[in-house]
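Novice: Heads up: the sequence shown at position 152 corresponds to 151 in numbering that gives the first Met the number 0, and the numbers run straight through without jumps.
Careful, some of the hints might be misleading.
Under the rule of at most 20 Å between Cα atoms (straight-line distance), these lysine to aspartate or glutamate pairs were calculated in the EDC-like manner [to be verified]:
| hint | residue 1 | residue 2 |
| --- | --- | --- |
| 1 | Lys149 | Asp161 |
| 2 | Lys9 | Asp45 |
| 3 | Lys138 | Asp161 |
| 4 | Lys9 | Asp23 |
| 5 | Lys149 | Glu116 |
Simulated from the structure, these hints should not be mistaken for laboratory data.
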Amino acid sequence: MAIYEFEERKPRVGQGTYVHPSADVIGAVTIGENCWIGPGARLRGDYGVIILGDSTSIEDNCVIHARPGGMTRIGNHVTIGHGCVIHNATIHDYAVIGMGSVVSDWADVGQWAIVAEGAVVRQRQQIPTERIAVGVPAKLLDKQVSEDYKAEWSHFKNTYADLARRYPKGLKET
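Let the hints inform the model, and build the full structure from the sequences given.
Specialist: Written as structure tokens, this is what we have:
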């Protein structure tokens, strides 16, 4: 795994977390326990701070960064889909950020909120708890996240926590 100290800013990686060899974790990055950091992901805490909670998955080719002196905070059991950009934002527990989405500076995505695939959450935009945001720029739908959806996504979230356990033993270069 590519984990780098930068100017005395050292990453911390929790127990049971898997960081793919092609991912980069740089500087002031704290990753909780049982997380999965996918191929090509970049978590760059060179002049800002990044904090990830437990059992969070950062899928392939995501970029996570923060402004100078700023912070990106991602909670527990969060799914950041393939190819997302998260910059200087807060994402609360159990949120799902769909593939190819952008969550911009000072945005706040609530607990169990969903940002649909390809959506753009603008600077300072608030996505409330259990709400669904779609489009460019992101707009809230009139419905809330259902209990069935939560049950289904709890299964998917556990799948990535399981991959964090399986990858260190099962991934072999051929």
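Novice: Holds or violated: Lys9 with Asp23, Cα cutoff 20 Å?
Specialist: holds, 13 Å
Novice: Holds or violated: Lys138 with Asp161, Cα cutoff 20 Å?
Specialist: violated, 33 Å
Novice: Hey, Lys149 versus Asp161, does the alpha-carbon distance stay inside 20 Å?
Specialist: holds, 18 Å
Novice: Measure nothing beyond the straight line between the CA atoms of Lys9 and Asp45; if it is 20 Å or shorter, mark the hint as holding.
Specialist: holds, 10 Å
Novice: Is the hinted pair Lys149 and Glu116 satisfied, with a Cα-Cα distance of at most 20 Å?
Specialist: Since the Cα atoms of Lys149 and Glu116 sit roughly 17 Å apart, the hinted pair holds (cutoff 20 Å).
Consistency note: the structure conflicts with earlier hint 3 alone.
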